[in-house]
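The lines below spell out each chain.
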Amino acid sequence: MSNYSAHYVQQRAEASVIIDRDKCIGCDICVQVCPMGILALDKDGKAYMKYDECWYCTPCQTDCPVDAVRVHIPYLVR
Amino acid sequence: METRMYETDVLIIGGGTAGTMAAIKAKQAQPQLNVLVLDKADIRRSGAISMGMDGLNNAVVPGKATPEEYTLEITESNDGIIDQRAVYRQASECYPIIQELDSWGVDFEKDAEGNYEVYRVHRKGRYVLPMPKASNLKLILAKKVKQHRCKVINRVMATRLLTEGNQVVGALGLDVNSGELVIVKAKAVVLTAGAAGRMGLTDSGYLYSTYENPTNSGEGFAMVYHAGAELTGIECYQINPTMKDYNGPACAYVAGPFGGYTANAKGERVTGCDYWSGELIMNMWKLANKGEWPLFLKLTHLDDETVSKIEAILHHNERPSRDLFHAGRGKDYRTDMVELNFSEVGLCSGHSASGVLVNHEAETSLRGLYAAGDMACVPHQYLLGALTFGKIAGVNAAAFAASTARVEPNQGQIEAERKRIEALSANADGVPHQQVEYKIRRIVTQYLMPPKTTTKMELALEKIRHFRKEDLKLLGARDPHELGRALEIHSIVDCAEMMASASLFRKESRWGFYHYYLDYPERDDANWMKRVIVKKGGDGEIELSTKELPPYVLETRTGVAGGTTA
Ligand SMILES: Cc1cc2nc3c(=O)[nH]c(=O)nc-3n(C[C@H](O)[C@H](O)[C@H](O)COP(=O)(O)OP(=O)(O)OC[C@H]3O[C@@H](n4cnc5c(N)ncnc54)[C@H](O)[C@@H]3O)c2cc1C
Ligand code: SF4
Ligand code: SF4
Numbered sequence: 024m025s026n027y028s029a030h031y032v033q034q035r036a037e038a039s040v041i042i043d044r045d046k047c048i049g050c051d052i053c054v055q056v057c058p059m060g061i062l063a064l065d066k067d068g069k070a071y072m073k074y075d076e077c078w079y080c081t082p083c084q085t086d087c088p089v090d091a092v093r094v095h096i097p098y099l100v101r
Numbered sequence: 005m006e007t008r009m010y011e012t013d014v015l016i017i018g019g020g021t022a023g024t025m026a027a028i029k030a031k032q033a034q035p036q037l038n039v040l041v042l043d044k045a046d047i048r049r050s051g052a053i054s055m056g057m058d059g060l061n062n063a064v065v066p067g068k069a070t071p072e073e074y075t076l077e078i079t080e081s082n083d084g085i086i087d088q089r090a091v092y093r094q095a096s097e098c099y100p101i102i103q104e105l106d107s108w109g110v111d112f113e114k115d116a117e118g119n120y121e122v123y124r125v126h127r128k129g130r131y132v133l134p135m136p137k138a139s140n141l142k143l144i145l146a147k148k149v150k151q152h153r154c155k156v157i158n159r160v161m162a163t164r165l166l167t168e169g170n171q172v173v174g175a176l177g178l179d180v181n182s183g184e185l186v187i188v189k190a191k192a193v194v195l196t197a198g199a200a201g202r203m204g205l206t207d208s209g210y211l212y213s214t215y216e217n218p219t220n221s222g223e224g225f226a227m228v229y230h231a232g233a234e235l236t237g238i239e240c241y242q243i244n245p246t247m248k249d250y251n252g253p254a255c256a257y258v259a260g261p262f263g264g265y266t267a268n269a270k271g272e273r274v275t276g277c278d279y280w281s282g283e284l285i286m287n288m289w290k291l292a293n294k295g296e297w298p299l300f301l302k303l304t305h306l307d308d309e310t311v312s313k314i315e316a317i318l319h320h321n322e323r324p325s326r327d328l329f330h331a332g333r334g335k336d337y338r339t340d341m342v343e344l345n346f347s348e349v350g351l352c353s354g355h356s357a358s359g360v361l362v363n364h365e366a367e368t369s370l371r372g373l374y375a376a377g378d379m380a381c382v383p384h385q386y387l388l389g390a391l392t393f394g395k396i397a398g399v400n401a402a403a404f405a406a407s408t409a410r411v412e413p414n415q416g417q418i419e420a421e422r423k424r425i426e427a428l429s430a431n432a433d434g435v436p437h438q439q440v441e442y443k444i445r446r447i448v449t450q451y452l453m454p455p456k457t458t459t460k461m462e463l464a465l466e467k468i469r470h471f472r473k474e475d476l477k478l479l480g481a482r483d484p485h486e487l488g489r490a491l492e493i494h495s496i497v498d499c500a501e502m503m504a505s506a507s508l509f510r511k512e513s514r515w516g517f518y519h520y521y522l523d524y525p526e527r528d529d530a531n532w533m534k535r536v537i538v539k540k541g542g543d544g545e546i547e548l549s550t551k552e553l554p555p556y557v558l559e560t561r562t563g564v565a566g567g568t569t570a
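Quick note, the sequences are listed as chains Y and Z, same order.
All residue numbers for the first sequence refer to the numbering used here, where the first residue is 24 and numbers rise by one.
All residue numbers for the second sequence refer to the numbering used here, where the first residue is 5 and numbers rise by one.
Derived from the structure by calculation, the hints contain no laboratory data.
Even for Gly, the Cβ is constructed at its ideal location relative to N, Cα and C.
Do not take every clue at face value.
Stated by the list, open to error - Here are the computed lysine-lysine pairs in the BS3-like style, where the Cα-Cα straight-line distance is at most 27 Å:
#1 Z/K137 / Z/K248
#2 Z/K128 / Z/K147
#3 Z/K477 / Y/K73
#4 Z/K443 / Y/K73
#5 Z/K473 / Z/K423
#6 Z/K443 / Z/K539
To be verified - Sample of chain Y residues with no beta-carbon within 10 Å of chain Z, all distances over it, derived:
#7 M24
#8 I41
#9 D45
#10 Q55
#11 D67
#12 K73
#13 P88
#14 V89
#15 H95
#16 P97
Stated by the list, open to error - Reference listing, derived: stretches of chain Z covered by chain Y, where coverage requires no fewer than 3 residues with Cβ under 8 Å from a Cβ of chain Y:
#17 209 to 223
#18 327 to 340
#19 407 to 421
#20 546 to 558
Could you build the full structure based on these sequences and the hints that come with them?
Spelled out as C-alpha cells, the structure:
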C-alpha cells in the first residue's frame, strides 16, 4: 500500500449569496428554484450557499417568502 | 448507481422557454397522451428567461411589420445561410403566441389604445416589443405546464438519447440530487436544452458569469451528436456585446429607443445599427484594433426621468442584479458611461445560428426527434422563436407519438452510459470540475475565438483531443451535484471539438466576426452558399459535409445571392 499525502488542497471561496438565519423558515423554495442547484438546507433546516456557482440571477431572493436571501455579485465579477 | 425508470408518449428535454411551450402544445394537440418534461433545474425558474426578459426581439405584429419583411431581413443578417421557409413560418405564426401569452397575464408594453408598442433595433423593420414587467414569465409558463397535466421531473439532467437505428426512443439522465440513473422510454422526444453557453472563459474570470444561463452547457448539442443526428452552423459562433465583467447585454435594445447608444471614449456614437450580428461584432473588433477601445454604453446625455425609466426596466427584469453591479463599481448611468466588452464565445441559434439541423416542422434528421429554441438551427430565433418553434415541435412530436408503437431501449446503450457516469464518481479524489472546466474553456478562448486561423484551429483540435484522452480521465466528482457539473464538461469538450472541426471545414469567411477566417478572409458565395453539416461518423469520429440550402420561398433582394427561389 502506498502512503502519500492528500491529492487535493481545500480552497476557500467567498460566499456571495447570504441567508439571514433568523428570518429563514426552512421552506426550501430558494433551494428548489435556483437554476444552478447551489443552495441547500443545513442540519438546522436553514438555507445556505453550498457551491460557488452562482449566476446572480436572483430567483432565490425574489421567491423567498420571508425576504431572507441576499444575492451579492460574486467577488471576481464585482 | 441506482436506476429509476419512466415511460411516456412525449418526452421534452429542457423545460425552458421552448420546452414549456412544447409541452403545453403537445398536450393541447393530443390530450390523451402522456407528456413528460425533464429539466436539470426547476422549470419555475430555469433557463434564459429565469427572471423574464426585457422584450420580444422579433415580434412580427400585424400592421407594424410583415413576415416577408422579417424573413428577408434575417436572410440578410445571416448572410443568406438560412431555411427561409422555417424563418417565414416563425414570423407568420408568432403573433397568436403573443396574444396567448397576453391572455395568460404576461405584461407587454402597449400604447394608449391598447396596441402593442414595437421599436426599431434591426436594420430595417420594427420588431422589438418590450415586456418590462414580465419577470414572472417563467412562473406563468411553468404553471400552464402543470395546468395542462404534463408531468414534470426537475433536477434530472439528460445526458444521452436512446436510439434504435434511425429513431429516437427515449433518453438517459442523471438525478443531480439523488445520483440515480434515470431511464425514460418515449415514443417521441423534443430537445429544448438551450444554448452551449459555457464554451469560452468570461472576462471576469468567474466560471459562471456567462452570458447564457450556465445550466445551458451544451448537452443538447452533445446528445444529438452522439445519437447520430446532423448539426449545422456550428462554425457560426455566438459572441455578444455585453457590459465589461457583467454578463448583462449591452442593452441597445432597451436603451436605444430611449436615445442611449454605443460610444467611444470621447462619447461619440460609433455603431450605426446596434442589432446584434457578426457584422456588429466585427465593427467593434476593428475599432479595438484601431485603438478605439473600449466602447461604452452612453446615457449621460439623457435627462434624469429618462434614465430612471431605463433603470426601471434593466434593474428589475432579465438580469436584475445589474444595479448591484453598477453600484459596486460606483457607476451611475446619469454621470458615467459604462464600459462594454465582447462576451465569451458560445453556440446558440437564439442570437446566432448554431444548432441541430431542423426543418420548418422542427424535425431533425432522426425519426421521432424534434428540436427548438437556442439549440435548433433557425437563425436569430430569440425568445419568441423559441416559443413558436416550441409549439411546432410539441404539436408534431405529439402527432408522431400518437401513431407510433413503443420501442424498447437498447440495454447496451444504457450500460455504456452507466459506465461513463460511474467512472466519474469512482474517482472522488480526482481533479475538481472547476479546474478541469477552466482548462478546456481556456483552450476554447485562446484557440477558437475569432479571428480564426488554420494553425490555431488545428492546434485547438490537437489540444481538445489530448484533453479528452488525458484530462477527462483525471476529472472526479464527490457527490451527485458535482457529478452533474463534471458531465457538463464532457458536453463542453464535444462542442469544442465540433466548433474547431466545422470552422476548419468552411474555407471562407462569413457572418462578420463569427466566422472570420484569416486564411480565407473573403466571403465566397460561389462555393460556400451552403450549409456545413456536422455529425458523428460510423467510426465514432466527426464527419463533415455540405448540404445545399432549402429553396428560398421569397425573392431575394440585392446583396443576398444564392438559394434558388421556389
Ligand atoms: C441574458 C439574456 C438576455 C436575452 N434577452 C433577450 C431579449 O431581450 N429578447 C429576446 O427576444 N431574447 C432574448 N434572449 C434570448 C432568449 O431568451 C432565448 O433565445 C430563449 O429564451 C431560448 O429558449 P430555449 O428554450 O432554447 O432555452 P432556455 O429557456 O434557456 O431553456 C433551456 C432549458 O433546458 C434546461 N436544460 C439544459 N440542459 C439540460 C439537460 N442536460 N437536461 C435537462 N434540462 C436541461 C435548462 O435548465 C432550461 O430550463 C436573451 C438571452 C439571454 C441569456
Ligand atoms: S442568484 Fe441565481 S444562481 Fe445564485 S443562488 Fe440565487 S437562484 Fe441560484
Ligand atoms: S426561501 Fe427563504 S425561508 Fe425558504 S429556505 Fe430559502 S431562505 Fe429559508
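Violations among the numbered hints, reported as their numbers in ascending order:
2, 10, 12, 15, 16, 19, 20
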